[in-house]
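Starting from the given sequences, assemble the full structure and let the hints guide the process.
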Amino acid sequence: MEFGAIALAIMAAFTGAALYINLVEHPARRVLLDGEMLAQWQASYPRARWMQAGLAMGGFFFGLMAAYWAGKALYITGALFSIANWVVTYRFIMPLNHKLLAADPDTADAGIRALLEKWNLLHTARTGLGFLAVVCFFLAIS
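Following this note's numbering, the numbering of the sequence shown begins with -18 at its first residue and continues without gaps.
FYI, nobody ran anything at the bench for these hints, they're computed from the structure. Think of the CB as a built atom: it goes at the ideal place given N, C-alpha and C, for glycine as much as any other residue. Check each hint, because a few of them may be wrong.
What the hints assert, rightly or not - Listed next, with one range per pair, are the computed distances between beta-carbon atoms: (1) L0 to Y49: 25 to 35 Å; (2) F73 to W31: 11 to 21 Å; (3) G52 to E17: 48 to 58 Å; (4) A83 to G52: 12 to 22 Å; (5) M75 to V12: 19 to 29 Å; (6) K80 to W31: 19 to 29 Å; (7) A83 to M32: 33 to 43 Å; (8) T88 to G52: 15 to 25 Å.
See below:
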């Protein structure tokens, strides 16, 4: 079994989904009113959370398996970039997620819009970490 190829595929899916959120979904939210913007994020976030978390964990697991079997340090580096998404999420993004989930769309204002813009900026770090994992796994396979 080629664990490196699986790790690469998983993190490519993670990165593609994260990039879609940054370049397509969030910009589309910007045309909505503040309350609608928040309501759309509140509907989308729970669906994306479990998918993205599972992909990051899968990239970490299969990256470690590839490192063990192939003995290449780049697989470990890619695995660490994969799991770093959990660290970034729990340390920096999750507190903001809780604020946004607790907010009421009916009373949303420009402050909520600013929080959502901050959220998108922080989410860009997740996209970048995913991309770095993909590069590491790709180079390790090459």
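Going down the list of hints, with the structure as the test:
no., hint, in the structure
1, L0 to Y49: 25 to 35 Å, "29 Å, holds"
2, F73 to W31: 11 to 21 Å, "19 Å, holds"
3, G52 to E17: 48 to 58 Å, "52 Å, holds"
4, A83 to G52: 12 to 22 Å, "47 Å, violated"
5, M75 to V12: 19 to 29 Å, "27 Å, holds"
6, K80 to W31: 19 to 29 Å, "20 Å, holds"
7, A83 to M32: 33 to 43 Å, "22 Å, violated"
8, T88 to G52: 15 to 25 Å, "56 Å, violated"
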